[in-house]
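Participant: For the protein sequence lines, the chains are P and V, in the order given.
Residue 288 in numbering that gives the first Met the number 0 sits at position 289 of the first sequence, and the numbers go up by one each step.
Residue 15 in numbering that gives the first Met the number 0 sits at position 16 of the second sequence, and the numbers go up by one each step.
Hint data in this document are derived by calculation from the structure and do not stem from the laboratory.
You can take every hint at face value.
Pairs of lysine-lysine, BS3-like flavour, derived with a Cα cap of 27 Å: (1) V/K25 with P/K266; (2) P/K338 with P/K168; (3) P/K205 with P/K338; (4) P/K330 with P/K205; (5) P/K168 with P/K330; (6) V/K30 with P/K266; (7) P/K148 with P/K171; (8) P/K266 with V/K26; (9) P/K16 with V/K78; (10) P/K194 with P/K205.
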Amino acid sequence: MADYRQMWSDLGMDLDKHDLLCEALPDAFQGVYLSQENRPQGMDFFNFVVSEIHGVRPAELMEHQKAGGKVFGTFCVYVPDEVIFAAGGIATGLCGGSQFWVSGGEKVLPANTCPLIKASVGARLDKTCPFFRIADMYVGETTCDGKKKAWEILSAEVPVHVIDVPQMKRKKDIEAFQGEILDFIKIVEDFTGNKITPEALAKSIKLINNKRKALQRLYAARKAAPVPISGKDALLVTQIAFYDDPARCAEMTNILCNELEERIQAKEGVFPADALRILVTGTPLAIPNWKLHHIVETAGATVVVEESCTGTRYFEQLVDESGSTIEEQVKALAERYMKTNCACFTPNPGRIDDIIRLADEYKVDGVIDVSLQFCNLYSTESYLVKQALADRGIPVMHIETDYSEQDYEQLRTRVEAFLEILRK
Amino acid sequence: MTDTNYRWYILFPNHHQGLRLSRELKKQGLKSTIVPTPRAASSCCGMSLLIEPSDLEIMQQIITELRIEIEKVVKLPIKDGWQYRSS
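Put together the whole structure using the sequences plus the hints.
Facilitator: So, in structure tokens, the structure goes:
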């Protein structure tokens, strides 16, 4: 077996504590993923990434550093990865989806902070995430109050740059975000020592757009009935897209899509054609948070689309590739990123429009609006989501949960009751 | 317990060898799935191949012919009543 312990030790990780995570992952993966029937063969690449999640990719990032490259750890879909890759850097997601890391975060954060933030800070402070150890710089943003304060804590450990995401979507806000991207270019250039040219930025805009197009194709396949891939598997692909090399991720997702499209032709699915179809909307589900999808899909329904940062918000909009100067490209980047409909904006009717549009496109029977505990923005916005969906006769249930298994049976009962109502 | 109560895994000294065998098995139409190696099989993290025991003999031939390095083949009982646990 591959033994990464020397690498983790060199990274200053707490091996004994990290070992507890290594012990838990295989059982969880087998319980959630191998209980499924007829999984697409193309999922094997993504199984591989999970199996080696703290080994292969971290080793690649360290090779990049040995060759003089920089690694930027990011938390949010508002960080323009294009800028980082254009300077010869690598952007990677950071750990934050497991209950395992939460207690480490609670040592320094209020208990009523969302589990994503607690887990992220805990993963860094407890020294149990190689991505947090490897990243030369963390790139944060201002999408919620909890994260804004978390950056201040993390900046004692590693250089942090915070991108100020506007909270409204007026013309002047989009212009302000252009300014933020220009500032970020300067930061990345200084940190990497590499000048970002229009040619390099054009190339990285294409690179990231190609990843988005592959994910769009994956999601388009989920519109079919019977659905050729489970929601759990599709979620896994999106979760891994935050960490993997973008070109390889696009290539492997496209290979998976070839198989899914053949399945659609053959009317082959992983659930019966009349299985209930669920749209999940709300807060991100970072790897390995598979709780809600597992509940839904072991209750006989299938998740066919996620309106979230680990779903359509991550890839739906493309950056216009026609710009040939840095100014034009930055404008295109700002316009693209500011189309993402996060609950941090006021007002945020675009998200409700997206949910209604996706409910129609994916022919869903019902919507589950999920908020991570203590995410004030999404929990509050759920009132407006519920109202808008009720007006259109789309059934919806709101769930507030965390990463733990404490509420698993309660949630299962609630989801089963919701599905029962949909069946009537 | 019958053989249906078990899962069979091939473990490798590194992922390169595992991927080589996985690719070859796919080419030959033999079923296998990449999975995180269960703790009961090894204390090291990383991938292993979940296979069908009925294919074991032909897989052994492929491993020998292509000189793929494996660490061991492990048979583990399927755990009954797994309940969701955050990893």
